[in-house]
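K.L.:
Listed in order, the protein sequences are those of chains A and B. Each residue of the first sequence is one higher than the last, beginning at 1 in my numbering. Each residue of the second sequence is one higher than the last, beginning at 1001 in my numbering.
Read the hints as simulated data drawn from the structure, not as lab findings. We put the beta carbon where it would ideally sit given N, CA and C, even for glycine. Heads up, some of the hints might be wrong.
Unchecked claim - To be clear about the criterion: a stretch of chain A counts as covered by chain B if any three or more of its residues have a C-beta under 8 Å from a C-beta of chain B, and this derived list gives those stretches:
no., stretch
1, 128-137
2, 190-199
3, 307-321
What the hints assert, rightly or not - Taking lysine to any residue and the SDA-like style, the derived pairs with C-alpha atoms no more than 25 Å apart in a straight line are:
no., chain 1, residue 1, chain 2, residue 2
4, B, LYS1022, A, GLY73
5, B, LYS1110, B, VAL1099
6, A, LYS20, B, LYS1061
Unchecked claim - In silico contact screen, one side only, chain B against chain A (beta carbon under 8 Å); selected entries:
no., residue
7, THR1016
8, LEU1017
9, TYR1047
10, ASP1104
11, VAL1108
12, GLY1109
Listed here are the chains, written in short residue letters.
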Amino acid sequence: MLELGLLSLGLYLAGWGARKLGVSPVVGYLLLGILLGPHGLAPVYRLGPVTELLGELGLVLLLFFLGLEFSLGRLLEGARPTLVAGGVDLAQLALGTVLGWGLGFGWLGGLFLGAIMYVSSSGVIARLLSDSELLAYPEAERTLGVLVFEDLAMVAVLIGLGLAASSGGAWAFAGAALFLALYGLLARFGGRWLRRLLAREEEALALVALALVALVPAGAVALRFPAAVAAFLLGTAVAESGQQRRVEVALRSWYEVAAAVFFAVVGMRVDLAGAVRELPLALLMAAVTTAMSLVTGFVGGRASGLGRRASLGHGLMLLPRGEFSLVVAGLAAEAAALSTGAGRALLGATSVYVVLMVTLGSLAFARFEAINERLARLVETPAERARRRARQEALDSVSLDSVSLE
Amino acid sequence: MSDAASGTGIEIREVTLPGVGKKYVMSLRAGGSLAVVVRPDGEHHVYHFLEGDDRPSDAVKLDADEAQQLANLLGRLVVQAPAGEDLDLVLGAMEIEWVTLEPDSLLVGKTVGDSQLRRKTGASVMAVLRHGRAVVNPGVDTVFEARDTLLLIGSPDQTDAARTLIAG
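Can you make the complete structure from the sequences, with help from the hints?
P.N.:
This is the structure in structure tokens:
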């Protein structure tokens, strides 16, 4: 009881502090874990059973909620522009992989790094967008579409990485195949059954939903299938059942609490000395991601029919990295096929990298207009420059008039 | 993404914003457009775009009650009842029906907007009775619950179609 109370209070304060500084609360949760965790600056907090459990549940719920919103149906709704922009965005996966190989992680380690750097944080971006004034901008629509694309691509990448990295060989392959086959059956024929199962009221609904969310990933782990991916796939299946909103309401407060704990636990696993050692790698990853995101965002935006300013805005919105990057790094740290040194390095660097990218992304959202305008001037055509100047002059003359009237 | 054109030829584009809500964009005859973003909590953001501009020139945030109030106001101003025998004509072609949602109805858990009841059948939901209270003129984001009683309005064909859809 004491553990839960202190944890919640600590998380509340960390989130509050982060908001005060104008960044996403996720940064606060991660830093809280890194600084006060067992390997931190002031190791006042030790990982108790409640924290461990909520952290695990947080990851599962995070991905389950993503699956609810970011399903294949949504991707198909977005149609061609989303597929075009999402396809261009995939270049980041390739570039990150090459970077990892160049840094001496080998091809498999490179693919891990590529995946870490490729996938933007849908959770963080959707929240930042919701709280911003930018919802009606054309790039907001494209950004959310690309996030759906990325999350679905990550399902395939994570299954592949899980298989390549595990020591289970044929058994791991058979387990993954069995889980996917069961999911296929559920998605194809289980809709009505799932709808009836979830057509309950109040606490009965909450209990049934929580049982599903805990049991399906647990079963997946028994089949050596990544729990995170299983939770995501379960979310997409529930999204099709028509009970999505009610399940969301029933599990909402579990989700909010456990997701915050998940980020703190990730921070607690980080050895501060190790994180400092990996700082150069994290900074390099952040710099490359920022450049890469802006370029692929611009190219993808243009290719899918956005204007120049909006295409730059699209790249800016895609900056935050979060849950999926941490999942990949966690997988890397446990991967039998990577050396322990490489896996640890990736996990340490990724935790710092996520803090950097969420901070940078939050600031990009907070000062979106100014940054977007600055960048847009770099790529504007002569006609656009003329129009901007004319508009500026018009604005200037208006303010002069009002001054003279006074 | 979908395009829906009503008899007036005014296009409304509907887009799902995953994790955020829904966006409806209506082009204005005088140029430019209006965008309405509806959040799951019922908050409505209304944006005005000038012609040739991809950033809104103005934004208004309405909470669920304010949005409802504005919808009522527009509805009252736009719909004017015809007088005399025309009124009988309208009443003759119109049918009002009560339908209660079984827990396994397709509509349970969906919002009024997601159910696309009106688009598929032509019938509209005038009110929802729930736990002895009435939600009059439910917004697109009102969620249907099991045992809700719906007050439907439409032509006899339309209300029949709606009954079939709701039971299915």
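K.L.:
Please list, smallest to largest, the hint numbers that this structure does not respect.
P.N.:
No numbers; nothing is violated.
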